[in-house]
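A.B. asks: Chain by chain, the residues run as shown.
Number of protein chains: 2
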Amino acid sequence: MSILSFLLGEKRKSALVAKERLQLIIAHERAAGRAPADYLPALQQELVSVISKYVKITNNDIRVHLERQDDLEVIEVKIEIPQP
Amino acid sequence: MSILSFLLGEKRKSALVAKERLQLIIAHERAAGRAPADYLPALQQELVSVISKYVKITNNDIRVHLERQDDLEVIEVKIEIPQP
Chain A
1 MSILSFLLGE
11 KRKSALVAKE
21 RLQLIIAHER
31 AAGRAPADYL
41 PALQQELVSV
51 ISKYVKITNN
61 DIRVHLERQD
71 DLEVIEVKIE
81 IPQP
Chain B
1 MSILSFLLGE
11 KRKSALVAKE
21 RLQLIIAHER
31 AAGRAPADYL
41 PALQQELVSV
51 ISKYVKITNN
61 DIRVHLERQD
71 DLEVIEVKIE
81 IPQP
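Just so you know, the sequences run in chain order A and B. Numbered according to full-length UniProt numbering, the first sequence spans residues 1 to 84. Numbered according to full-length UniProt numbering, the second sequence spans residues 1 to 84.
For the record, the hints were derived by calculation from the structure and aren't laboratory data.
Identical copies go unnamed one by one, so any copy, or any two together, can satisfy a pair.
Calculated lysine-lysine pairs in the DSSO-like style (CA-CA distance at most 30 Å, straight line):
id: 1; residue 1: 56; residue 2: 19
id: 2; residue 1: 11; residue 2: 78
id: 3; residue 1: 78; residue 2: 56
id: 4; residue 1: 53; residue 2: 78
id: 5; residue 1: 19; residue 2: 78
id: 6; residue 1: 56; residue 2: 11
id: 7; residue 1: 53; residue 2: 11
id: 8; residue 1: 53; residue 2: 19
Produce the entire structure from the sequences given, and follow the hints as far as they go.
C.D. replies: Right, here's the structure in full:
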């Protein structure tokens, strides 16, 4: 299953609301024995500030979620874009 | 199912190689009747250049994939981080 069909499936399960959303997922997979990437929070901050050059968002529009399991770290940033 | 368990599942299906990888997924979900976000390719370029400040990568380490379906556009950037 592709990322697209996974996200489409997730979307269909959620309530049908006509909102514009941007979702950013950063997944870091470590090689065996390598330390976790401690730059991920700083990287995520910078990525959000790049995004805010393209779409008008405030901190209130952003939800950030970090998950770790085994040698995989995932940062998920969900941005709800305000209607013009 | 969370993004983390989805990505872990994908990882288990793939060959077990001890490489370090960074995956960036940008999903844009349009509100009904809104035009596609034509800034996505430029945004993706900038995001990759931010990432390259944190990890030493060249263009050869990067694969970009764009998919569109219904009102969802997904850009997937896969980066293989060279071993030091």
